[in-house]
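> Sequence:
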Amino acid sequence: MSLVMGAASYVVGLIPLSTSLSNPQLYMLSSLGKGLLVGTALGVIIPEGIEETVSHDSRPASYSFKIAIFTLLGFAFMFIVEEYISRTDPSDNHKPQRMAFDMDLETLEQQGEPAQNLPPSGGVLGRPPPALQHAYPLSLGLVIHALVDGYALGVSTTDTHSVNLSLAVFFAIIVHKAPTALALTSSLVAHSVPPVKCRKLLLYFSLATPASSVLTHAIYSLASDVRTVWSGGPLLFSGGTFLYVATVLQPASNHVSERSLDGFLGSKPARSILLMAGMFLPVVVSQLLGHGH
Numbered sequence: 000m001s002l003v004m005g006a007a008s009y010v011v012g013l014i015p016l017s018t019s020l021s022n023p024q025l026y027m028l029s030s031l032g033k034g035l036l037v038g039t040a041l042g043v044i045i046p047e048g049i050e051e052t053v054s055h056d057s058r059p060a061s062y063s064f065k066i067a068i069f070t071l072l073g074f075a076f077m078f079i080v081e082e083y084i085s086r087t088d089p090s091d092n093h094k095p096q097r098m099a100f101d102m103d104l105e106t107l108e109q110q111g112e113p114a115q116n117l118p119p120s121g122g123v124l125g126r127p128p129p130a131l132q133h134a135y136p137l138s139l140g141l142v143i144h145a146l147v148d149g150y151a152l153g154v155s156t157t158d159t160h161s162v163n164l165s166l167a168v169f170f171a172i173i174v175h176k177a178p179t180a181l182a183l184t185s186s187l188v189a190h191s192v193p194p195v196k197c198r199k200l201l202l203y204f205s206l207a208t209p210a211s212s213v214l215t216h217a218i219y220s221l222a223s224d225v226r227t228v229w230s231g232g233p234l235l236f237s238g239g240t241f242l243y244v245a246t247v248l249q250p251a252s253n254h255v256s257e258r259s260l261d262g263f264l265g266s267k268p269a270r271s272i273l274l275m276a277g278m279f280l281p282v283v284v285s286q287l288l289g290h291g292h
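0 is the number of the first residue of the sequence shown in numbering that gives the first Met the number 0; add one for each residue after it.
Source of the hints: derived by calculation from the structure; they are not laboratory data.
Where hints are given, some of them may not hold.
As the list claims (entries may be wrong) - Quick list of the computed label-pair ranges, beta carbon to beta carbon:
no., residue 1, residue 2, range
1, I68, V247, 16 to 24 Å
2, P193, S54, 22 to 30 Å
3, K199, S54, 13 to 21 Å
4, F279, S61, 49 to 57 Å
5, I272, A222, 22 to 30 Å
6, S54, T246, 22 to 30 Å
7, A222, F78, 38 to 46 Å
8, F64, L16, 26 to 34 Å
In this text, a Cβ means the ideal position worked out from N, Cα and C, and glycines have one as well.
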């Protein structure tokens, strides 16, 4: 599963290097991805984390605290990543910046043209920061997020009595990583990062989740007592990170020029349909897979 996830996210991330996507297409992908984040967090990962916590903890009085603290820790972790790691301009400390998943799509849409046609000196708000100054912070933030996803996947695979849990978490993560990989590469291309460097940063992002998953599985398999005590925590933590990215980061829809989104794909009903579809798709798929506890 880890190899499939890494390969899939890498292949999807290569699309902006070879194909010009229109602004409506990018925005529709952003809407679907945002719905998937909400759906996987509230419909799959957090419920599975709660179920794991309840099934492995014989002290009902601690349920609420453990569920709340792990979810809030994930939420707070992504706040720190956004505030101190994922800034597009380190010298611009007085303005909050958004992570690549939202900001790059918004930037492309505001430019009114595909990423490949942006001028080499293009930057956020007309400033010409060096390409790599933009690339490294955004890539680092998303790599850290990918490591957290791998942590959750690795823990889910250590429970040999719940194969369907790992499949549900795998699907939840992979449908999130695909649009995020595309968003990362689109952002790098938009800021004239060389293709070779784009592929290298995309490779780091693609390998982060599989590597973290394998390492976590190995550690938790050897330390079964620790896994039992903290079971459910990593899933809740990952759910908290998903919620932050999907709900706190300002939606691109608030900043997109309507003239760049003509036609049905740019209409509000189309965006709403994709957003709602993304919310419910992970829940439906997880129910089809079942819960083999």
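> For every hint, state whether the structure bears it out.
Hints, verified against the model:
The hinted range of 16 to 24 Å is satisfied by I68 and V247, whose Cβ atoms lie roughly 18 Å apart. A hinted range of 22 to 30 Å for the beta carbons of P193 and S54 is inconsistent with their spacing of about 50 Å. Judged by the Cβ atoms, the range 13 to 21 Å given for K199 and S54 is violated: they are separated by roughly 42 Å. Take F279 and S61: their Cβ atoms lie about 32 Å apart, and the range 49 to 57 Å is violated.
At roughly 45 Å, the beta-carbon separation of I272 and A222 lies outside the given 22 to 30 Å, and the hint is violated. Distance hint for S54 and T246: a CB-CB separation of about 28 Å, consistent with the stated range 22 to 30 Å. One distance hint, 38 to 46 Å for the beta-carbon pair A222 and F78, is violated here, with the actual separation near 29 Å. The supplied range of 26 to 34 Å is broken by F64 and L16, whose beta-carbon atoms lie about 47 Å from each other.
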